[in-house]
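A.B. asks: What follows is each chain in one-letter form.
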Amino acid sequence: MSLVMKPVRRKLDVRNGRVDLSHGSGGRAMAQLIADIFHDAFGNDWLRRNDDQASLDAQDGCLVMTTDGYVVSPLFFPGGDIGSLSVHGTINDIAMAGATPKYLSASFIIEEGFALADLKRIAQSMGDASRAADVPIVAGDTKIVERGKADGVFISTAGVGVLPHGLSLSSDKARPGDAVLISGSMGDHGVAIMSRRENLEFGVEIMSDSAALHGLTAAMVGAAGDALRVMRDPTRGGLAAALNEIAHQSNVGFMIDEELIPVKPQVAAACEFLGLDPLYVANEGKLMAICAPEAADVLLDAMRAHPLGREATLIGHVVEDERNFVEMTTRFGGGRIVDWLSGEQLPRIC
Amino acid sequence: MKYVDEYRDPKLAKGVAAAIAAEVDSGRIYRFMEFCGGHTHAISRYGVEDMLPNNVAMIHGPGCPVCVLPVGRIDDAIRLASDPRVTLCTYADLMRVPASRGANLLKARAGGADIRMVYSTLDALRIAEAEPEREVVFLAIGFETTTPPTALAIKQAKAKALRNFSVFCNHVLTPVAMRAILAGESDEATALDGIVGPAHVSTVIGARPYEFVANEYGKPVVISGFEPLDVMQSILMLVRQINEGRCAVENQYLRAVTHDGNARAQREMDEVFELRESFEWRGLGVVPHSALRLADAFAEFDAEKRFGVHTVAAADNPACECGAILRGAKKPTDCRLFGSLCTPETPMGSCMVSSEGSCAAHYAYGRFRDRSRARMERAAS
Chain A
1 MSLVMKPVRR KLDVRNGRVD LSHGSGGRAM AQLIADIFHD AFGNDWLRRN
51 DDQASLDAQD GCLVMTTDGY VVSPLFFPGG DIGSLSVHGT INDIAMAGAT
101 PKYLSASFII EEGFALADLK RIAQSMGDAS RAADVPIVAG DTKIVERGKA
151 DGVFISTAGV GVLPHGLSLS SDKARPGDAV LISGSMGDHG VAIMSRRENL
201 EFGVEIMSDS AALHGLTAAM VGAAGDALRV MRDPTRGGLA AALNEIAHQS
251 NVGFMIDEEL IPVKPQVAAA CEFLGLDPLY VANEGKLMAI CAPEAADVLL
301 DAMRAHPLGR EATLIGHVVE DERNFVEMTT RFGGGRIVDW LSGEQLPRIC
Chain B
1 MKYVDEYRDP KLAKGVAAAI AAEVDSGRIY RFMEFCGGHT HAISRYGVED
51 MLPNNVAMIH GPGCPVCVLP VGRIDDAIRL ASDPRVTLCT YADLMRVPAS
101 RGANLLKARA GGADIRMVYS TLDALRIAEA EPEREVVFLA IGFETTTPPT
151 ALAIKQAKAK ALRNFSVFCN HVLTPVAMRA ILAGESDEAT ALDGIVGPAH
201 VSTVIGARPY EFVANEYGKP VVISGFEPLD VMQSILMLVR QINEGRCAVE
251 NQYLRAVTHD GNARAQREMD EVFELRESFE WRGLGVVPHS ALRLADAFAE
301 FDAEKRFGVH TVAAADNPAC ECGAILRGAK KPTDCRLFGS LCTPETPMGS
351 CMVSSEGSCA AHYAYGRFRD RSRARMERAA S
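Sequence order for the protein chains is A and B.
In this text, residue positions in the first sequence follow this note's numbering: the first is 1, and each later residue adds one.
In this text, residue positions in the second sequence follow this note's numbering: the first is 1, and each later residue adds one.
The following block holds chain A by itself, in its conformation from the complex:
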């Protein structure tokens, strides 16, 4: 009989337990949290090696890298949660370059007292999203902060992808005459979040459109090649912010038609109620593309053939304008600018 007693390894009480400061101390509790929650959810050889870094095969082509932070409130919303959102958002940032996303990393800042069950649910959702996208999470980190110093959990990610030599998409490449396409309806994500935050019920649940778009972008690059000039996912600030940024970076203007921009009726109704404009509301599973005019039809066909681009449509054109205005013909029949959003979208009071 050995005199050396092996300590009993207690299972993490995921159902009722809460994150405490010992989970960030670098001791056994932290190791257990990482193994039982994150390795279990993300499951891959890079993580199981337990090194402080992941070694990845060098790739042919141009390396594309991005980093992103997620602080969404509420953490769980119709159509997703902070975990799946962080995977989709990071993948999309890589995909908008026309690149193939390869690896992700994720760093968690967790508030003391956060329910382990919620953390597990978020980690599982990240793992599911990363497996579905075939982009593994190969490195991670956790930090615990005292109660009140964070709001549940914040996730910070990095992503790496590969861009074939010769392909170059960038926001400064829009040229007068180019076509402007979007992959589907605008405003779903922001309204899903807002309706949950304000406890608004609209009879129909409004779902976030959160999705990984690299399959769609690969199809688009395949169809249009270098006739594709710019791709952008209109997240914060919505379509309006994306168009204004590109107008400045490319030193052009836009002429778009409100009639052609799809907005779901329940999203339009919620925006009406909340005093929001769907063009300024965030999307997390849509993209906008600018391409040479002669490639527009081919590109639209390729987008519509993909499940995430079924409602793809042309919404307008790039025009010459040194003032870099985004002009729009309203559904009503008049003209207006779609300006940058200033501050937040303010509710009207009378």
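Heads up, a few of these hints could be off.
As the list claims (entries may be wrong) - Chain A stretches covered by chain B per the calculated footprint, using a threshold of three residues with CB under 8 angstroms from any CB of chain B:
#1 70-80
#2 161-172
To be verified - Listed next, the in silico SDA-like pairs over lysine to any residue satisfying Cα-Cα at most 25 angstroms (straight line):
#3 LYS11(B) with LEU260(A)
#4 LYS102(A) with ASP52(A)
#5 LYS331(B) with ARG323(A)
#6 LYS14(B) with ASP52(A)
Don't read these hints as lab results, they were simulated from the structure.
Backbone N, C-alpha and C define an ideal beta-carbon position, used for all residues, glycine too.
Guided by the hints, dock chain B onto chain A, whose structure is given.
C.D. replies: For chain B alone, coordinates are given in the frame of chain A:
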């Protein structure tokens, strides 16, 4: 979307636009003031100007609660919020309105003041109930539309004996402001030909209070809804009155406004508030009997009494034309700060802050027209 799309129907809009174009007398100019920021916003957002003949000019009025609040009262609000006991509850629109010395509520909040953005008076009431150790002050602004809800909140606070809730009252009166504008007109050439009258305000006060505009000033008023087709139909009704040599108060917003208004809301207002001797408006200056304060029976909920507020009038930025713009005497583009030093990100005047302000509406939606207009004016001269 039912009950919304009908009022934004492009086909109907073309029909009304054609009727206006056919009926205007090309030998004259029609100068109409849309009183409310809600109208200004609709006109700009839907591009209504593009559908009007060149001789119909829309002049933006002062009906934007955020815009007419003078600097001195924002200074007061910041002073109130700086009291460590106080939680100031405000509509989000007010956060960026410039106060004296470059201050605003947003900066005060960043500096540590407890300022919270709410959607309604009732939110403020809930905060007061939930946090009895805080002195919760609601920064009440607005015309007769937002006044009845404030009255009800004060009555609820009284019924619940809430000792930590009070109201910093800045409610103002529409007909008095309208009279101030008409009385201030001096130049025949720039005088108004008619008024597109308030929508939501009129649901409360009715159509009757505007009769003086027709009777004393001989100008037509058409009470108009806030949807773009409402505004266009109201413009057509004004054109018809003028062409027929009539001046009356007409009601386009029949689906919501009655001749006498909402009697219950009026009673609540009368019970909780009383007239102030005078009140300073940005743009209109000091106007007698133009605003409300809490009646004596509700004095315990008056933040001005509870915290000893003594408003000190403060001057606007001298280069800012908000005053003249609110009176309808100037256009946003007549201000040399517009679009250069004064933008929605760095507002110098209140009209650039609220989405209902004339400058903000023109900057955000309409300024693409400025160059072609400037070219036309140069060519004409």
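A.B. asks: For every hint, state whether the structure bears it out.
C.D. replies: Evaluation of the provided hints:
Figure legend: the stretch 70-80 of chain A, annotated as covered by chain B; annotation inconsistent (0 residues with Cβ-Cβ distances under 8 angstroms, at least 3 required). Against chain B, the stretch 161-172 of chain A contributes 0 residues with a C-beta closer than 8 angstroms to a partner C-beta. That does not satisfy the three-residue criterion, and the hint is violated. Of the supplied pair hints, the one linking LYS11(B) and LEU260(A) holds, its CA atoms being roughly 16 angstroms apart against a limit of 25 angstroms. Taking the CA atoms of LYS102(A) and ASP52(A), the gap is about 19 angstroms. The hint holds against a cut of 25 angstroms.
A C-alpha spacing of about 21 angstroms is found between LYS331(B) and ARG323(A), which places the hinted pair at or below 25 angstroms, so the restraint holds. About 67 angstroms separates the Cα atoms of LYS14(B) and ASP52(A), which puts this hinted pair outside 25 angstroms; it is violated.
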